[in-house]
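Protein chains in written order, with this note's numbering: chain A, 1 to 175; chain B, 1001 to 1114; chain C, 2001 to 2637.
Watch out, some of these pointers could steer you wrong.
Stated by the list, open to error - Pairwise CB distance ranges (calculated):
| # | chain 1 | residue 1 | chain 2 | residue 2 | range |
| --- | --- | --- | --- | --- | --- |
| 1 | C | Asp2472 | A | Tyr3 | 50 to 56 Å |
| 2 | C | Ala2445 | A | Ala76 | 54 to 60 Å |
| 3 | C | Leu2434 | B | Val1043 | 42 to 48 Å |
Because the hints were derived from the structure by calculation, they are not lab data.
Even for Gly, the Cβ is constructed at its ideal location relative to N, Cα and C.
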Amino acid sequence: MRYLLPLCLFLALGGFLWKGLDVNPKEIPSALVGHPAPHFALATVEDPHRFVTEQIFMGKVTVLNIWATWCVSCKAEHAVWMDLAIKYNLFLVGVNYHDDLKMAQQWLKAVGNPYVICIFDEAGKLGLDYGVYGTPETFIIDKAGVIRYRHVGSIDTQHWHSTLLPLIASLENGV
Amino acid sequence: MAHDIYPFSDPKQRDLFTKVIHELRCSVCQNQNLSDSMAPLAVDLRNEIYQKVKSDYSESEIVEFVTHRYGAFVLYNPPLQWNTAFLWFGPVLILAIGLFLFGKYLKKNKLAAF
Amino acid sequence: MMPELGLFSLILALCLAGLQWFLPGLGLLKHNTFWMQSARPIALGQSFFISVSFLCLLYAFVQDDFSVSYVAHHSNASLPLVYKISALWGGHEGSLLLWIFLLSGWTTTVSLTQRHLPRPFLTRVLIVLGMISFGFLLFLLATSNPFVRLLPNYPVDGRDLNPLLQDFGLIIHPPLLYMGYVGFAIPFAFAISTLWGGDRSLPFAKWMRSWTLLAFSFLTIGIALGSWWAYYELGWGGWWFWDPVENASFMPWIVAIALIHTLMLSDKRQIFHGWTLLLAIVVFALSLLGTFLVRSGVLTSVHAFANDPKRGIFLLEFLLVVVGAALTLYSFRAKKFTNNTKIYLISRETAIVISTIFLVVSGAAILLGTLFPLVFDALTNQKLSVGFPYFNAVFIPFMIPVLLLMPLGPLSQWGHNVLGLVFKKLTWTLIFALFLAVGLPLLFAETVPLGVVTGLGLGLWVILGTLKWLFDKIQIKGSVMGLSKGALGMFFAHTGIAVLVIGVTLVSYYQIEREVAITLHQSLDISNYKIIFEDLKPIEGANYIGSQGHFLVFKQGKREADLFPEKRIFVVQGLRMTETAIDPGFFRDIYISLGEPLKEGGWSARIYYKPFVRWIWLGALMMALGGFFSAWGRWLK
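Please work from the sequences and hints to get the whole structure.
See below:
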């Protein structure tokens, strides 16, 4: 009977809203997952005369971490990276995003440098090309230089053990 | 004389720039478009888009540049594709149903006018 | 002690709310008049305790009681008193208490003024209102207690109210908006009572009209205030963003317009009862849906309160139960209310029905657009945005037939074929409206885009058509004084919409924005104005520091205004806010917003020329005025 129609439509709507409660509207997945890491040619923080490109990602599984000295969450995350980088022997590459070279160098000197290489992205061009919108962000890049995963926000050990570490392990074993 | 922060000599380019930055969503301040957001990312993107408009990129090329990096989420104008068909055609469909139902009522209950 | 008193009062109110549906409900079953009569005093008692609770929270704010967590989160010792008071509804828990407080106010008014209604009918209404209040009180106590205390270690000072909210707009926008939202519970309760009782001979439509018109008028003002506030507060000159929370208030508003008109059909012609009753349910359902959307965190919005998954689940369950039950009742009982009165194809009745179809469909389109990102994510795990290009594309075309039909209604009569009338009375009106729509803009602009002709043409068509009706009416009645309140109400409401449409059209097409880098003593041109950056000085306020610019506005050599936009830094939260400076005018606003100081000296700034933007809110106020007149005219009939 057509008088049941409003009720049916409403219940369908209710179903969608119910499912919707599980969804986080603020999280945006990276559009670059499955794509090769975009090209860049930038200096490093440690040595401003040394230039690197995306070639450094080739042949190993890279953990790429975007951070800045003006970013409070990045500073909080730093201790976690100091620990994880050594414990799991990571190829941890940092990207110092939209920052001041001197301040970045001083910061790393003061608290320790967990990065094998730290790229200096002063103008934010690398960040833009990688779809960065909220520092800190962490990308996992496989041996062929393809982006496999992107985590927005600081790393916590729970996430590390549940998602990132297993992914890195499987990529290491040549998946 | 004060100068425009994004100067254009060609009004068509200015219109394109204005259109694009209004129709793209800021991923940082997600309740603002690229025109109004003061997030550093938005500033960077505005500058990129400005350069591209001045270099005569087309609207679809510029939009593709941004969506390639940030996904379809940043489009305030949802694309017309098979899985958004109901979004775009739904309202007209609902209208058709409504008018049809009223039409049925009129058929039964219409007073002869002439 | 006071916070505990507030909490205790809420618990008492909850008990009374439960009693409000239980005892009279039993009375209905057993045909016990005494128990049915108990609904009124119980409702009044519930209102009393809710008021006590509200006052306790208010007291906590005014006395800077930072041991109450909610006060500590939303207030601060150095906050001006008027904002300490309005901070009460600055967050989720307090605004929910405001919701409940206003519902109790409406319920009290109904129980005191509607004694002339048949007792069983009124009892059922109060039972429904009791159930709604019960649900909200339960929600408040279970998940959103405003009286939670931070003992024993409470902060010395509060976190401060968000600077964006430290504004006149906060003082009046939420209360008026909620008066509207909550007010629709009354027509909803009347509709449920009607379906439940099943007696189609009751003049339920007549009884519902005033309440619907009142709630609608309040909601209109509430939405208009929100728009005006966004315009001068946010700094980008926008007045409507199709934000999910804006949509949440707009959907019930649009459907309420449809309801107001179908109520006329039900009242005067005894037709389309089913449609009327359904719309009464839908309007309140949309109010509840709006409450859910804002507080559950399912949609990103500038308005959204901090979310908690428990709250989302509770609200959704509440929504499902209330609306589900209502629609189930509808599906069983609506058939009793159908009838088959014959109407002419070209008639006032048809014009109204078709208008309401378009109104409801446009409401459905807004619902679709607002929820689509959520549904899309749930189904495909991908993120999508639906913004103004979509809403403008679907909403505006549906409004065109509505505006076209508007002048026809008042000029025709019930039960008549109006085909001849249309041609006789309105042909010249249409031609004149089109002529003005093209001609008037040419006086001050170079181009007249099709959109302008359409929007301006439709607005003028409605105004001229309604004026024609007014002149005809005055000729019959002798003077304006002879017009009934309802007629006056219609006049203001219809012309109000037209004024709003004209404002929207002209500002959208003819506004000019300039984003510039400007140093002291530099000037810029916008439209036929010259703006000079005269001075900049540091400023200090009660809880902020900053800079104030001084801009001179010249038109053809004559000094028209001095504008003082500011940039403020609120010390407690470290937030930077821009205070826009606006030179308002009936025909245009000049709007200046300071950006940031530039490395190379000077400041970035945005200057806007906004022609006819005030017509938007003027039109909305006229509509609200019309609603109030009509409600007054129908009161206690």
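Verification of the hints:
Distance hint check for Asp2472/C and Tyr3/A: the Cβ-Cβ separation is about 41 Å, which falls outside the suggested range of 50 to 56 Å. With their beta carbons about 55 Å apart, Ala2445/C and Ala76/A fall inside the hinted range of 54 to 60 Å. For Leu2434/C and Val1043/B, the Cβ-Cβ distance of about 45 Å falls inside the hinted range of 42 to 48 Å, so the restraint holds.
Violation of the numbered hints given earlier is confined to hint 1; every other hint is satisfied by the structure.
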